[in-house]
Amino acid sequence: MAPDSTPAQALARPASPWRTAFWLLLPLAVLLGILALLILGKPLERLTEGSPPVEKVSFERVRLTPGLISLSVRADGSQPVTIAQVQVDAAFRTFTIEPPGPIGRLGTARIDIPYPWVDGEGHKVVLLSSTGAAFEREIEVARATPSLDTPTLAILALVGILLGVAPVATGLLAFPALGTLSPAGMRFVLALTVGLLGYLFLDTLGEGLEQAAGALERLRAQAAVWVTMIISAGALMLLGRRGGRAPEGAALAAFIAFGIGLHNLGEGLAVGAAIAAGEAALATFLVVGFTIHNVSEGFGIAAPLVGRRPRLLTFVGLAALAGLPAVPGVWVGAQAVSPFWMAICFGIGAGAILQVIVEVTGLIVRREGSAALLSPASLAGVGVGLAVMYLTALFV
Amino acid sequence: MLANPKRRLLLGAGAVAGAIATPIAAGFAVRSAVGQAHGPAHGGAGTTHAAAGHGIPGMEGDNLIVGAVDHARNGFNPHDILTDWDVGEVSTGPDGRRTREWVVTAVDKEVELAPELMFPAWTFNGRIPGPTLRCTEGERLRIVFNNGSAHPHSMHFHGIHSWRMDGVPYAGLVQPGGQFIYEFDAKPFGCHLYHCHALPLKRHIHKGMYGAFIVDPDPARHPEATAVAESRLLGSARNAEWQEIMICMNAFDTNFDDENEIYAANTIPFAYQQKPIRVERGRKLRIYLVNITEFDPVNSFHVHGNFFDYYDHGTTLTPTLRVVDTIMQCQGQRGIIEMDWSEHEPGHYMFHAHQSEFAELGWMSHFEVV
Chain Y
1 MAPDSTPAQA
11 LARPASPWRT
21 AFWLLLPLAV
31 LLGILALLIL
41 GKPLERLTEG
51 SPPVEKVSFE
61 RVRLTPGLIS
71 LSVRADGSQP
81 VTIAQVQVDA
91 AFRTFTIEPP
101 GPIGRLGTAR
111 IDIPYPWVDG
121 EGHKVVLLSS
131 TGAAFEREIE
141 VARATPSLDT
151 PTLAILALVG
161 ILLGVAPVAT
171 GLLAFPALGT
181 LSPAGMRFVL
191 ALTVGLLGYL
201 FLDTLGEGLE
211 QAAGALERLR
221 AQAAVWVTMI
231 ISAGALMLLG
241 RRGGRAPEGA
251 ALAAFIAFGI
261 GLHNLGEGLA
271 VGAAIAAGEA
281 ALATFLVVGF
291 TIHNVSEGFG
301 IAAPLVGRRP
311 RLLTFVGLAA
321 LAGLPAVPGV
331 WVGAQAVSPF
341 WMAICFGIGA
351 GAILQVIVEV
361 TGLIVRREGS
371 AALLSPASLA
381 GVGVGLAVMY
391 LTALFV
Chain R
1 MLANPKRRLL
11 LGAGAVAGAI
21 ATPIAAGFAV
31 RSAVGQAHGP
41 AHGGAGTTHA
51 AAGHGIPGME
61 GDNLIVGAVD
71 HARNGFNPHD
81 ILTDWDVGEV
91 STGPDGRRTR
101 EWVVTAVDKE
111 VELAPELMFP
121 AWTFNGRIPG
131 PTLRCTEGER
141 LRIVFNNGSA
151 HPHSMHFHGI
161 HSWRMDGVPY
171 AGLVQPGGQF
181 IYEFDAKPFG
191 CHLYHCHALP
201 LKRHIHKGMY
211 GAFIVDPDPA
221 RHPEATAVAE
231 SRLLGSARNA
241 EWQEIMICMN
251 AFDTNFDDEN
261 EIYAANTIPF
271 AYQQKPIRVE
281 RGRKLRIYLV
291 NITEFDPVNS
301 FHVHGNFFDY
311 YDHGTTLTPT
321 LRVVDTIMQC
331 QGQRGIIEMD
341 WSEHEPGHYM
351 FHAHQSEFAE
361 LGWMSHFEVV
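Line order of the protein sequences matches chains Y and R.
Residue 147 in this note's numbering sits at position 147 of the first sequence; the count goes up by one each step and never skips.
Residue 59 in this note's numbering sits at position 59 of the second sequence; the count goes up by one each step and never skips.
So here's chain Y without its partners, still in its complex pose (with noise of 0.2 Å):
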């Protein structure tokens, strides 16, 4: 563009980099002198001088291996928060602390506790800070943290696969229905697609949330399951769009079967910390919920595909794209997890889903024009879509 094609620009004189840089590094330069004052001048001394500390401690893992409860803690407050002492079930005990010394702000340590913990029956740990305040973490049923030993490893795997993998296949297979629809029956399928997909995401940022809330309240976990689910969501659109054209087919299929892995993860998880917690017998349970519910899922892949002649072995691949991130859920579930980085995952999938609601809504809009998203077809399939999943989820 030429630089005096508007009379706007003809009257702007060119601007200097010099200039630029300057009007740039003003603000900097002021923002860097208010700092230097706060922390140097302490204007704020008599405000603060003598005041209680605040002290906040936040539990992100609570392992058990056999005679040891192993804590993983952070700490934020006004300044740093020292572990003077340790009881559990309200008798002192003895613990490290690894590093040793205070814990800085939003710092993190791992307390070991040699404790003759039982297995099956409730624990509850105290930990004593510098000031006398008491941070308590119930230990509901205690459970051996499974060990990543290869058997456990196998048998965890063998749970995200019938939790992912297996029920998306399962609702890939009604894909050749799918080819004898109707214009309108397809419209229907599309919209179910969308409903499915919105279900997922209100209870995938929904859990987002509920995690972010167990995190240190200075970490702004919950503003930071918004900002990834809104900057994944974008990031995905950018790749998907990066052709020119919104993503159809089979590349709409692999967005709608990434952004569903994303969940599944967090299912998984969801399973590998209930059997982390004790909550093994709960699993079975779990997984039989999980596998109504995802089956789905599979369906929802399937509709951007029909009319087009997919391999066996793009089935396969959408599979496994939606279904084994499971897998890795259940593992690392089952060790479990700092809660902020929970909620972040789960900020992702919900991004992920998002994405894919705004392209297969698009696809609908493209095919048959804005007016389709209103009709009986899309309504119905969009209504259905939801209340199919909410009502297969009370089975988990």
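No lab work stands behind these hints: they were computed from the structure.
This structure is a prediction, so every number in the text was calculated from the model and none was measured.
All clues given are correct.
Keeping only pairs whose Cα atoms sit at most 20 Å apart, straight-line, the calculated SDA-like set for lysine to any residue is: (1) R:Lys109 / Y:Pro53; (2) R:Lys284 / R:His348; (3) Y:Lys124 / R:Gly61; (4) Y:Lys124 / R:Glu259; (5) Y:Lys124 / R:Asp257; (6) Y:Lys124 / R:Asn63; (7) Y:Lys124 / R:Asp258.
Not everything, but these chain R residues come out facing chain Y in the computed CB check (under 8 Å): (8) Asp62; (9) Leu64; (10) Asn255; (11) Glu261; (12) Glu357; (13) Glu360; (14) Leu361; (15) Gly362.
Idealized CB from N, CA, C, for every residue including glycine.
Model the placement of chain R on the given structure of chain Y, informed by the hints.
Chain R in isolation, oriented as in the chain Y frame:
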């Protein structure tokens, strides 16, 4: 204290939800030196507290506090408190009447209760329990009380005296910087206590404002039991045949939730576990036992491998309970325990509260019988 854990039947996927607690904003500034290496490194049972002392290695299992309290910085040592009777200044008037006078000062002080755990205490003379005031039946007592604390305080003595000398909000309450002289006769003889009676009472007590007040019987007033009375009279030849110690059963609510985090004999949890109390077999043991534990209705004393006689309130010269190994005291109750170790095999004999929770939270001790 611990709620019955219940199994969760339904799973929220947030099975690893974190817990967040915020301390009640009541602490003073925390000491700045909390940063150094955190206690001794532990390799598990049996390797701990090599420096602590005289116990059997591993005798505490893993039920212990980590590190060691800096008694010098606290300005008092639970081992000294066992026997540091404060007899004040005695003067004899023209009529031959003995007057005993003490000066006691209220001080706000950060006390290291457990290693690295600082508590914003209120104290008499900078220690918890306050000075063990010991006198003899019939003396005139003058307690000059200076309030050097930032809060109003009083000294309320358990004893026989006028309401004017009672140390309650309407008589003898001292504002910061003020002074009051409590004056009354030493009676009845026994094992008593004093404590601050300013309001709110719970807070003033659990912050550390209490101490033992022991009135020895005057043998001349007890012709029917002169020898017994003499054995209780500090400084007499018969008294020298005894080992006497004072144990104040107390507890601390470090996070101000009206439940105790720490229980102890003489303030520092496990102090007599880390370093047992030495008892000679040749002399009988007399314990002046006081319970000032706040929030819990009773505290108790139980000894292993031996039985004892007990004098409730110490106001009699014959035991009120004979041949028992466990007694309990409500808050403010106290008594005298008399124990004989002469026939025992030397070694370590445990004593503690027989509320297991109190024991494991710090009120666990040992005698080292030699």
